[in-house]
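Undergrad: Below are the chains, spelled out letter by letter.
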Amino acid sequence: MNWASFGDFLAMGGAGFFVWMSYGACALVVIAEVWAVRRRRARAAAALRRRA
Amino acid sequence: MSSATAQPGFGLFRYAAPPAFYPLAGKLVPWFAGIAAVLTAWGLYLGFLVAPSDAQQGEVYRVIFIHVPAAWMAMFLYIVMAFWAGVGLVFNTRLSSMMAQAVAPTGALMAFLALWTGAFWGRPTWGAYWVWDARLTSTLLLLFLYLGFMALQAAIDDPRRADRAGAVLALVGAINVPVIYFSVKWWNTLHQGASIRPGGASMATPMLTAMLVMVFAFWAYAIAVILMRVRAIMLERDRDAAWVQDALGREGGRA
Numbered sequence: 001m002n003w004a005s006f007g008d009f010l011a012m013g014g015a016g017f018f019v020w021m022s023y024g025a026c027a028l029v030v031i032a033e034v035w036a037v038r039r040r041r042a043r044a045a046a047a048l049r050r051r052a
Numbered sequence: 001m002s003s004a005t006a007q008p009g010f011g012l013f014r015y016a017a018p019p020a021f022y023p024l025a026g027k028l029v030p031w032f033a034g035i036a037a038v039l040t041a042w043g044l045y046l047g048f049l050v051a052p053s054d055a056q057q058g059e060v061y062r063v064i065f066i067h068v069p070a071a072w073m074a075m076f077l078y079i080v081m082a083f084w085a086g087v088g089l090v091f092n093t094r095l096s097s098m099m100a101q102a103v104a105p106t107g108a109l110m111a112f113l114a115l116w117t118g119a120f121w122g123r124p125t126w127g128a129y130w131v132w133d134a135r136l137t138s139t140l141l142l143l144f145l146y147l148g149f150m151a152l153q154a155a156i157d158d159p160r161r162a163d164r165a166g167a168v169l170a171l172v173g174a175i176n177v178p179v180i181y182f183s184v185k186w187w188n189t190l191h192q193g194a195s196i197r198p199g200g201a202s203m204a205t206p207m208l209t210a211m212l213v214m215v216f217a218f219w220a221y222a223i224a225v226i227l228m229r230v231r232a233i234m235l236e237r238d239r240d241a242a243w244v245q246d247a248l249g250r251e252g253g254r255a
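One line per chain: the protein sequences are A and B, in this order.
Taking my numbering, the leading residue of the first sequence gets 1, the next gets one more, and so forth.
Taking my numbering, the leading residue of the second sequence gets 1, the next gets one more, and so forth.
Looking at chain A on its own, in the form it has when it is part of the complex (with noise of 0.2 Å):
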């Protein structure tokens, strides 16, 4: 085991800012992607369905 606490995870040996500024960017980049390929393709549906 790495961290003796929570709070000492989170401070990664005085990098927390850079480690969490990566993670947070790559977390933030999946949601935004994901949600916006759903939102796309429901879209699509929904134009589609209203021709049919």
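There could be a bad hint or two in this list.
[As the list claims (entries may be wrong)] Example chain B residues on the side facing chain A (calculated, C-beta under 8 Å, incomplete):
(1) V63
(2) L113
(3) D133
In short, the hints are calculated from the structure, not lab data.
Because the structure is a prediction, the values reported are computed rather than measured.
Even for Gly, the Cβ is constructed at its ideal location relative to N, Cα and C.
Based on the hints, put chain B in the right spot on chain A.
TA: Using the frame of chain A, we list chain B on its own:
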């Protein structure tokens, strides 16, 4: 391309037609999404709880578990995009061009993440978020190639003309991928050399395992999200085709 059911002898080629590929892609998405979720959980567990601190860099090296997968995917997806765009250009197959179009945004995001995580790793280790170094500059060019491909396709109204123009750009830009890969050898750069080469890896085992698990997680994620996007593109581009209404009818109310 004739009807998908007309060639029962060619199992694989059947799926080269949008009517057959659309439901297949829909079935594959949850599997790859599930694999991505499991591998991410496992990779983060290994990366944060099992892998020890780095002797030189302390804890900040843990950015590697997303930095390297993102950078590899950015390069690999560019090859995939150029391949599909090239196939669409040569054989005039619409689904290939749709695949290229579906890969580009995910590739661009991977290139962005490689640069972003690299900046937040570079600041504490090199003292700068950005330097005009060969590896960094060629990766920035990769991001611009993705964005250029997307902008070019969006700017041309006729989809088949857009596919052809995009394919030429994608194929010419492919020369940049080996430049990125070998940049750390060809030029003096701040960026460290490859940790994984044919013949061995210069990394401690738990770190390497965590990184490779994350690489496969990124792969599965990219496949899932690209299949989701190609389904949306098929609905948009084939909106006048009869199969689209059939496919939507079979899916019922699900959006």
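Undergrad: Could you tell me which of the hints above the structure violates, numbers in ascending order?
TA: 3
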